[in-house]
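All chains, please: the whole structure from these sequences, using the hints.
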Amino acid sequence: MKKNIPLLSLIIALGIPAAITTFNAGCAATRTRESTGEYIDDRAISTKVKAALLRDKTVSGFAVEVNVFRGVVQLGGFVDNQTQRQRAEEIARGVAGVQSVENNISVKERNP
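Residues -18 to -1, 1 to 94 (mature numbering (1 follows the signal peptide of the UniProt record, and there is no 0)) are what the sequence shown spells out, left to right.
Hint data in this document are derived by calculation from the structure and do not stem from the laboratory. Don't take every hint at face value.
Claimed, not checked - Label pairs and their in silico Cβ distance ranges:
# : residue 1 : residue 2 : range
1 : Asn93     : Arg52     : 35 to 41 Å
2 : Glu47     : Asn93     : 20 to 26 Å
3 : Leu36     : Gln81     : 20 to 26 Å
As the list claims (entries may be wrong) - With a cut-off of at most 27 Å between alpha-carbon atoms, the simulated DSSO-like pairs for lysine-lysine come out as follows:
# : residue 1 : residue 2
4 : Lys32     : Lys90
5 : Lys90     : Lys39
6 : Lys90     : Lys30
Note that beta-carbon positions come from the ideal geometry of N, C-alpha and C, so glycine has one too.
Here's what the structure looks like:
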């Protein structure tokens, strides 16, 4: 048993730093991936933008898609007119934490 204690100590001593390094690498952000904290922040921003769109009487919040990556809000979907499109962008810009807004909302074409 006494012979196993140094071996066990060595395994623990080498294993803990390796585990910490692996964990930190998994949480690190890259250009195409978010860190855990950024992901949580973006989810919160997305929820706030969507809630604000749903509260607004001008914009049909159900018709607007909201995606967020590192604070950049991307709006998509279809609305009835240019006023709704612009209003959706204004609402998104007014939410705390939003860095910028990419408005990809399309206005529905009216058939003559």
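How the hints compare with the structure:
no. : hint                      : result
1   : Asn93 - Arg52: 35 to 41 Å : holds (40 Å)
2   : Glu47 - Asn93: 20 to 26 Å : holds (24 Å)
3   : Leu36 - Gln81: 20 to 26 Å : holds (22 Å)
4   : Lys32 - Lys90             : holds (20 Å)
5   : Lys90 - Lys39             : holds (18 Å)
6   : Lys90 - Lys30             : holds (25 Å)
Checked against the numbered hints given earlier, the structure satisfies every one of them.
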